[in-house]
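S.K.: So you can see what is in the structure, the chains are spelled out below.
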Amino acid sequence: MLPDLRTRFATLATAVLIAGCASPTPPQEFFRLTEASALQRAAQTRMFETTNGRELLSASAATLQDLGFQIDESAPELGFLRAAKERGAREYGQEILRGVIFVIGLAGRSVTLIPVDLQQQIVASMAIRPVTRDGTRHEVRIAFYRVVWKGDGQQASQSSSDYTPPGEQRMEMIRGAEIYQQFFARLSKAVFLEAHRI
Amino acid sequence: MPLRALLVAILLLFAACAQPPPPQVDLLAPTEAQMKLRSLQTRAFEVADRNAAIRGVIATLQDLGFIIERANAPLGLVTAARFAEPNFRDVIGVTVTVRPQADGKMLVRANAIYNNQPVEEPEVYQNFFAALERALFVGREEH
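Here the protein sequences come in this chain order: A and B. For the first sequence, this note's numbering assigns the number 13 to the initial residue and increments by one for each residue that follows. For the second sequence, this note's numbering assigns the number -13 to the initial residue and increments by one for each residue that follows.
Do not take every clue at face value.
List time: in silico SDA-like cross-link candidates among lysine to any residue, alpha-carbon distance up to 20 Å [said to hold, decoys possible]:
1. A/Lys97 <-> A/Gln131
2. A/Lys97 <-> A/Gln82
3. A/Lys97 <-> B/Glu55
4. A/Lys201 <-> A/Ala73
5. A/Lys97 <-> B/Ala67
6. B/Lys91 <-> B/Thr28
7. A/Lys97 <-> B/Arg56
8. B/Lys91 <-> B/Phe123
9. B/Lys22 <-> A/Gln40
10. A/Lys97 <-> A/Arg158
11. A/Lys97 <-> B/Arg68
12. A/Lys97 <-> A/Ile134
13. B/Lys22 <-> B/Phe115
14. A/Lys97 <-> B/Ile53
Which bits of chain A does chain B cover? Going by a derived footprint, with three or more residues having C-beta under 8 Å, they are [what the hints assert, rightly or not]:
15. 37 to 46
16. 49 to 56
17. 89 to 99
18. 148 to 161
Under 8 Å between C-beta atoms, here's a sample of chain B residues computed to sit facing chain A [claimed, not checked]:
19. Asn37
20. Ile40
21. Ala45
22. Gln48
23. Asp49
24. Gly51
25. Ile54
26. Glu55
27. Arg56
28. Ala59
29. Phe69
30. Phe114
31. Ala117
By construction, these hints were calculated from the structure, which means they are not laboratory data. No residue lacks a Cβ here, since even glycine has one placed at the ideal position from N, Cα and C.
Isolated chain A (complex conformation) (with noise of 0.2 Å):
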């Protein structure tokens, strides 16, 4: 009965060790084409039928303009864009929630303060490029994600996923579509074209 529960016993920690060595996702799947990168791509991508690639470009660093977009980065040669605006995270219902917990923690004589969103950075890539031999067709696709810094007080769970210890910052894809319709719906009347969906 002894060896045998041992030996149960040596194997368990044989797995966890070996999970320990394990590495969260390899690299390689971030390389395969997926079911989910081509609906990524529907919602990212336009046509436009035009031959004057360079008009499209300029018209799309106004329409970041006028959605409160900085250019930080811009090839006119290969049609790529990068541009960032960065505004107030403050939402009310963290703040609530910051305010029940902090309440909460007082009855159980301890201040508890959870860190809430401070700041995002909104950023956008784009490139627009030509999808016919004879150039009469552009397609645009563009990606938006964001960057959000916390700020003061410290995490509830820290076991959770998502932790973020106050004053770093966390990233997201935005995957939404508004952004998305709304920027190409900006864009199709600068430049007087339909934008066309894939």
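With the hints as your guide, set chain B onto chain A.
M.R.: Below, chain B without anything else, positioned relative to chain A:
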């Protein structure tokens, strides 16, 4: 006896988790592993126009969910990154260079890093070049 064997196995496992050996003194001397990695990271494509090749690289990286950070036409350079979703604190970065060769082909070289560690898995580069080939040669006429 089986217990001793198990202990040895556990010790071996610990050794696998241990720190890597200290770096070599002659850091700039190319090793065989580096040459192998370079050939993995490089592929030639039958594309005449350099800018068209760079645009293809940009489109491929966008398709793969990367965010283009920098692009430079005269140098044929594209830098991009993405978060290792769902784990948003890990970042994968890629730098791609496109250079014309003497025989008229375009030489594309990609380097990937995962949280500042170089990525050496051959599948990473095979997958990337397969996606790039699709972007460069397939589907351009159907639009």
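S.K.: Hint by hint, note whether the structure agrees.
M.R.: We went through each hint and held it up to the structure:
1. A/Lys97 <-> A/Gln131: 11 Å, holds
2. A/Lys97 <-> A/Gln82: Given pair A/Lys97, A/Gln82 holds - Cα atoms ~6 Å apart, limit 20 Å.
3. A/Lys97 <-> B/Glu55: Holds, at roughly 15 Å.
4. A/Lys201 <-> A/Ala73: Judged against 20 Å, a Cα distance of about 13 Å means the pair holds.
5. A/Lys97 <-> B/Ala67: Roughly 19 Å separates the two Cα atoms, so the pair holds.
6. B/Lys91 <-> B/Thr28: Within the cut-off at roughly 12 Å; holds.
7. A/Lys97 <-> B/Arg56: 17 Å, holds
8. B/Lys91 <-> B/Phe123: Distance ~14 Å between B/Lys91 and B/Phe123 Cα, so the pair holds.
9. B/Lys22 <-> A/Gln40: The given pair, whose Cα atoms are some 18 Å apart, holds under the 20 Å limit.
10. A/Lys97 <-> A/Arg158: Cα-Cα ~9 Å, so holds.
11. A/Lys97 <-> B/Arg68: This hinted pair holds, its Cα atoms lying about 19 Å apart.
12. A/Lys97 <-> A/Ile134: 5 Å, holds
13. B/Lys22 <-> B/Phe115: Holds, at about 16 Å.
14. A/Lys97 <-> B/Ile53: 16 Å, holds
15. 37 to 46: With 8 residues closer than 8 Å to chain B, the stretch 37 to 46 of chain A meets the three-residue bar; holds.
16. 49 to 56: This one holds; 4 residues, not fewer than the three required, reach chain B with a Cβ under 8 Å.
17. 89 to 99: Coverage by chain B holds for the stretch 89 to 99 of chain A (5 residues, Cβ < 8 Å).
18. 148 to 161: holds (count 5)
19. Asn37: Hint holds; B/Asn37 Cβ to chain A Cβ min 6 Å, cut 8 Å.
20. Ile40: 6 Å, holds
21. Ala45: Holds, about 6 Å.
22. Gln48: 5 Å, holds
23. Asp49: 6 Å, holds
24. Gly51: 6 Å, holds
25. Ile54: 5 Å, holds
26. Glu55: 7 Å, holds
27. Arg56: Hint holds; B/Arg56 Cβ to chain A Cβ min 6 Å, cut 8 Å.
28. Ala59: 4 Å, holds
29. Phe69: Holds - the Cβ of B/Phe69 comes within 8 Å of chain A, reaching about 6 Å at its closest.
30. Phe114: 5 Å, holds
31. Ala117: 6 Å, holds
Every hint from the earlier list agrees with this structure, and none is contradicted.
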